[in-house]
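*Asks:* What follows is each chain in one-letter form.
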Amino acid sequence: MSEHHHKETFITKYIFSQDHKMIAKQFLITGMFMAIVGMLMSAIFRVQLANPGESSFLYNLLPGDWINEAGALNPDKYLALVTMHGTILVFWVLTAGLSGTFANFLIPLQIGARDMASGFINMLSYWFFFIATVILISSIYVQGGPASGGWTIYPPLSALPQAIPGSGTGMTLWLISITLFVVGSLLGGLNYIVTILNLRTIGMSMKRLPLTVWALLITAILGVLSFPVLLSCGLLLIFDRSFGTSFYLSDIIINGEMLHNVGGSPILFEHLFWFLGHPEVYIILLPALGIVSEVIAVNSRKPIFGYKAMVGALLLIAFLSFIVWGHHMFMTGMNPFLGSVFTFTTLLIAIPSAVKVFNYLATLWRANIRFTPAMLFAIGTVSAFITGGLTGLILGDSALDINVHDTYFVVGHFHIVMGLSAIYGMFAGVYHWFPKMYGRMMNKNLGYLHFWATFICAYGVFFPMHFLGLAGLPRRYYTNSAFPMFDGLSDINSIITFFALTGAIVQGIFIFNFIYSIFKGPKASTNPWKSTTLEWTTPVERIHGNWPGDLPVVTRWAYDYSKPGASEDFIPQNVPLKEGEEEH
Amino acid sequence: MTNTLIILVAVLIIAALVQITRVSELLSEIKKQDPNKVTDSNNKTQGILFLVVGSAFLIFVVWQMITWNHLLLPPASSLHGQEIDSLMKVSMGLILIVFFALTPLLFYFVYKYRGNKNNKAYFFAHNNKLEVIWTVIPTIILTCLIVYGLRTWERSMNPDLSQAKIIEVYAEQFKWTARESGTDNKLGKANFKLVTDRNALGVDMNDVNSIDDKVVREVHLVVNKPVLLKFRAKDVIHSAFLPHFRVQMNCVPGLSTQFAFTPTQTTAEMKEQEGDDFEFVLLCNKICGAAHYNMQMSFIVETQQEYDAWIASQKKLSEKLLTQK
Amino acid sequence: MNTVKNKALKQLLWVGMGSIAMFFAGLTSAYIVRKAEGNWVDFILPEWFVYSTIVIVISSLILIFATQRIKKNKEIFTLIVIVFLLGGLFTYLQINGWKELTSMGVYLTGEGSNVAGSFLYVLTLSHLVHLAGGLIALLVTAINVKKKKYNSESYLGLEITTIYWHFLSALWLYLFFFLKYL
Chain A
1 MSEHHHKETF ITKYIFSQDH KMIAKQFLIT GMFMAIVGML MSAIFRVQLA NPGESSFLYN
61 LLPGDWINEA GALNPDKYLA LVTMHGTILV FWVLTAGLSG TFANFLIPLQ IGARDMASGF
121 INMLSYWFFF IATVILISSI YVQGGPASGG WTIYPPLSAL PQAIPGSGTG MTLWLISITL
181 FVVGSLLGGL NYIVTILNLR TIGMSMKRLP LTVWALLITA ILGVLSFPVL LSCGLLLIFD
241 RSFGTSFYLS DIIINGEMLH NVGGSPILFE HLFWFLGHPE VYIILLPALG IVSEVIAVNS
301 RKPIFGYKAM VGALLLIAFL SFIVWGHHMF MTGMNPFLGS VFTFTTLLIA IPSAVKVFNY
361 LATLWRANIR FTPAMLFAIG TVSAFITGGL TGLILGDSAL DINVHDTYFV VGHFHIVMGL
421 SAIYGMFAGV YHWFPKMYGR MMNKNLGYLH FWATFICAYG VFFPMHFLGL AGLPRRYYTN
481 SAFPMFDGLS DINSIITFFA LTGAIVQGIF IFNFIYSIFK GPKASTNPWK STTLEWTTPV
541 ERIHGNWPGD LPVVTRWAYD YSKPGASEDF IPQNVPLKEG EEEH
Chain B
1 MTNTLIILVA VLIIAALVQI TRVSELLSEI KKQDPNKVTD SNNKTQGILF LVVGSAFLIF
61 VVWQMITWNH LLLPPASSLH GQEIDSLMKV SMGLILIVFF ALTPLLFYFV YKYRGNKNNK
121 AYFFAHNNKL EVIWTVIPTI ILTCLIVYGL RTWERSMNPD LSQAKIIEVY AEQFKWTARE
181 SGTDNKLGKA NFKLVTDRNA LGVDMNDVNS IDDKVVREVH LVVNKPVLLK FRAKDVIHSA
241 FLPHFRVQMN CVPGLSTQFA FTPTQTTAEM KEQEGDDFEF VLLCNKICGA AHYNMQMSFI
301 VETQQEYDAW IASQKKLSEK LLTQK
Chain C
1 MNTVKNKALK QLLWVGMGSI AMFFAGLTSA YIVRKAEGNW VDFILPEWFV YSTIVIVISS
61 LILIFATQRI KKNKEIFTLI VIVFLLGGLF TYLQINGWKE LTSMGVYLTG EGSNVAGSFL
121 YVLTLSHLVH LAGGLIALLV TAINVKKKKY NSESYLGLEI TTIYWHFLSA LWLYLFFFLK
181 YL
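Chains as they are written, first to last, in our numbering: chain A, 1 to 584; chain B, 1 to 325; chain C, 1 to 182.
Everything labelled a hint here was simulated from the structure, so no lab data went into it.
A couple of the hints might just be wrong.
In silico BS3-like links for lysine-lysine, alpha-carbon gap of 30 angstroms or less [as the list claims (entries may be wrong)]: (1) A/K530 to B/K117; (2) B/K112 to A/K308; (3) A/K563 to B/K117; (4) B/K44 to A/K563; (5) C/K35 to B/K193; (6) A/K520 to B/K44; (7) A/K207 to B/K129; (8) C/K5 to A/K13; (9) A/K530 to B/K120; (10) B/K120 to A/K207; (11) A/K308 to C/K7; (12) B/K44 to A/K530; (13) B/K120 to A/K308; (14) C/K10 to C/K147; (15) B/K31 to A/K523; (16) A/K563 to B/K120; (17) B/K32 to A/K530; (18) A/K207 to C/K5; (19) C/K35 to B/K189; (20) B/K31 to A/K520; (21) B/K44 to A/K523; (22) B/K117 to A/K578; (23) A/K563 to B/K112; (24) B/K120 to A/K523; (25) A/K520 to B/K37; (26) C/K10 to A/K13; (27) B/K37 to A/K523.
Using the sequences provided together with the hints, build the complete structure.
*Replies:* And the structure:
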């Protein structure tokens with residue numbers, strides 16, 4: 001790719017940039033903003049759960065008609081908050097915010113390319129995302145409120161405004177927003193794949209790629225194959241909602257009105273939705289694991305253990321992720337044989353996941369660990385992956401799912417694997433690559449404080465949920481006070497809310513550290529972590545085209561840490577082999 | 001009010017800590033030290049913190065298991081439910097063993113191998129034998145678990161229906177209604193187009209099987225007698241969740257679903273066991289609108305005599321409705 | 001011609017077409033699943049769709065011919081215009097197909113409609129929407145050809161348009177045979 005010699009205006013440098021590093025930062029900032037919005041929503045509904053039917057000053061953040069005369073949150077708006085929280089965190093933060101940031105930032109730098117294959121398409125991918133964001137946020141303020149049928153938007157609930165107000169304009173805007181979001185994601189994914197396959201620098205064979213790049217490549221492939229099915233799913237829903245077709249709707253009487261739809265099946269929606277929905281959670285997880293592989297290796301001063309096995313595990317997880325979607329549908333009345341098939345494939349996915357955990361542990365064994373804040377979060381990711389992954393074995397077993405499906409048990413599970421594991425991976429990535437992104441260092445002590453407070457609060461919020469689930473408490477319940485059988489659980493609810501609010505506030509440390517360090521952080525050196533990968537060979541002042549002269553030439557894999565016979569405990573990938581030295 | 005105070009205090013604490021850190025940063029600058037360099041002392045502290053917080057976490061987990069054990073659902077009150085409970089015990093046992101093995105190992109490793117400028121990491125990049133071992137062993141264990149799980153699933157989903165009493169459960173925003181199939185044990189056909197104010201379930205009164213059907217607002221079951229619940233929904237997807245029986249099944253408009261089980265304990269027995277305010281209850285377990293949290297119907301398990309007395313007191317549909325054309 | 005940049009841009013298109021294919025795979029899977037559940041009205045596909053199939057195949061063949069001509073630096077403007085017009089003809093024939101369907105009593109929605117009809121409309125409409133993109137690409141190509149942008153050494157824009165147009169034809173052939181025989 002030729003260097004861009006054009007003069008940069010403010011607009012082309014900061015707004016309509018085609019430079020992958022700027023686009024990455026745009027994704028990061030938007031993702032962080034949405035994370036704050038999503039987290040505030042969860043703080044609000046946790047307050048409702050701990051003090052049901054009471055008022056709270058936090059409700060002042062909401063539009064006026066969401067609160068009734070007693071000052072309490074309206075039940076349907078509780079569901080609106082839960083829906084938007086899920087949508088924002090799953091798609092906006094953990095997909096766009098995680099992949100969008102790190103794929104854009106790292107891929108050209110780690111493979112030794114000047115930029116992505118098409119800077120223009122890359123720029124488009126952010127702006128589609130931005131417009132999708134504006135539309136989604138605006139849906140909060142429309143009449144009837146935003147979509148309220150859960151982030152999984154099953155019809156008929158999501159198709160009928162008479163069933164819940166949010167299924168009116170709010171849901172229409174949700175669908176438009178998600179369509180633009182998916183298009184933006186696809187545009188990004190195209191670039192990631194093509195760039196990795198074609199623009200690697202001389203010597204950067206696939207076997208010498210850092211694991212982060214492998215993870216991002218496989219994630220992008222998952223995305224381009226699975227996101228379009230969400231579009232077809234959504235298209236049929238749009239037709240049912242706005243054009244009176246009966247793809248998903250049948251035999252409905254709502255609010256006394258008999259609808260004309262016959263022959264449709266909501267289960268068809270579920271199949272199409274979860275065909276994306278399951279790969280989606282791996283689209284969320286894999287980049288986090290890729291980041292963690294990198295951060296653990298650098299800070300252990302050891303190669304990541306079992307590079308080939310790690311790549312193989314990523315590929316196997318990706319492949320299997322396409323054939324497990326039915327485990328979200330065990331209780332739909334599907335043919336029990338189908339249920340058996342999905343149980344089988346779901347429990348199989350535990351195997352490559354376990355392999356990855358063992359490889360991380362083996363990397364830490366006999367390491368020389370440097371505890372940067374990034375490393376703390378990487379270790380947190382591994383802990384959460386163990387905890388959350390194991391409960392997946394209960395949920396994936398169809399017979400056991402009978403009593404835990406849609407209870408707080410599953411809420412605990414997916415929050416620990418996504419809300420802890422993946423978010424910690426994202427934090428690790430921000431702390432680790434901040435010096436490269438902004439040329440300055442984040443404050444280490446604030447980072448330590450942020451990690452420990454978050455780690456403690458997060459387990460405090462989500463571990464107790466397993467007990468709520470085993471006590472039979474369903475999810476998406478406005479309050480648990482309607483059934484006497486749940487009266488004994490109110491203490492647990494209060495504990496969870498306490499940790500949730502504290503954990504939310506604690507993120508302020510990170511936001512402060514992030515913003516402060518961009519402007520006032522100490523200037524970073526070129527390679528502050530003494531890492532081997534190529535992004536640390538570029539100058540601190542970020543330049544268009546990444547390297548001022550020729551592109552680096554790669555002579556070794558990405559993990560020559562503490563190699564016997566070397567003078568330093570790391571050898572960058574572009575350092576030629578010494579006389580008599582063998583490549584690993 | 002307490003919430004407000006907590007948040008205010010937390011915010012002040014954070015603000016204070018932040019100021020302290022900024023001051024320490026400035027001090028490092030004055031001393032010409034890199035404030036963000038990770039020192040051996042940092043590594044020692046963080047390593048110890050992992051050990052301490054890690055142990056606290058594990059203790060917290062055990063504390064939760066002990067303290068909240070009594071809040072969990074009582075043992076299953078159905079035949080297949082008992083098999084599910086056994087599978088659950090085995091599965092939980094397995095994952096707890098793995099959790100309590102791997103989690104301390106993780107925290108111990110990061111403590112033991114905390115960095116030090118005098119140490120050198122061991123360049124150990126791969127070992128095929130290890131990879132095979134820790135792939136094969138989980139595969140074997142999981143295969144056993146899968147086989148056990150599939151057997152339990154198959155037995156739960158395919159019980160003997162020949163003797164089962166058929167009862168329909170009808171879900172709508174925001175209540176449950178049930179329909180007993182009467183002495184012929186056959187439910188009359190139903191169609192949403194036939195729903196009226198008086199015929200809320202849309203039963204086709206021209207179907208001869210409908211004559212002895214009875215619409216009821218609570219379900220009575222005979223202990224140790226199998227029952228087949230057939231589900232329909234009126235408006236959106238609901239889900240019939242009977243946690244004490246280990247029964248859950250989506251109720252989907254346009255589809256009919258079912259779940260069969262045999263209750264093994266009467267409500268009276270359960271009241272003795274769990275306390276006088278115990279009830280078997282049916283909850284909605286799939287988001288269905290504003291009052292999703294408050295859709296309940298009682299299930300009462302009793303002796304054959306008690307059931308016979310109760311059902312006799314319920315009115316037949318044919319007595320309640322006029323025949324429809 | 002086969003510089004890294006060109007190779008990468010063509011691959012971008014291929015991956016994008018893979019995504020589009022998955023979109024239609026989702027719709028046709030839904031069709032199959034729904035059809036198996038019954039309450040499905042069969043009907044004969046109007047002849048218009050046979051004509052449109054022929055038209056789009058011919059348009060692809062003409063594009064193949066045009067590509068061969070540009071490699072010999074020959075004039076191709078007229079050919080591109082013809083393909084564009086054939087694309088317009090395809091659209092016209094599809095719309096006529098829909099008109100005949102409604103006169104046969106097969107509707108997208110409303111009284112008397114059946115999901116079989118709904119699927120047909122959704123599938124053909126989706127294809128047409130993607131074809132609109134192809135028409136825009138052809139327009140841009142035609143303009144570039146007029147500006148003498150392409151020659152035997154460099155004709156990436158034409159290649160991209162051609163690949164995408166062949167994809168649209170292949171996709172239509174798949175949908176046509178799917179709707180006719182499945």
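*Asks:* May I ask which of the numbered hints given earlier this structure violates, with the numbers listed in increasing order?
*Replies:* none
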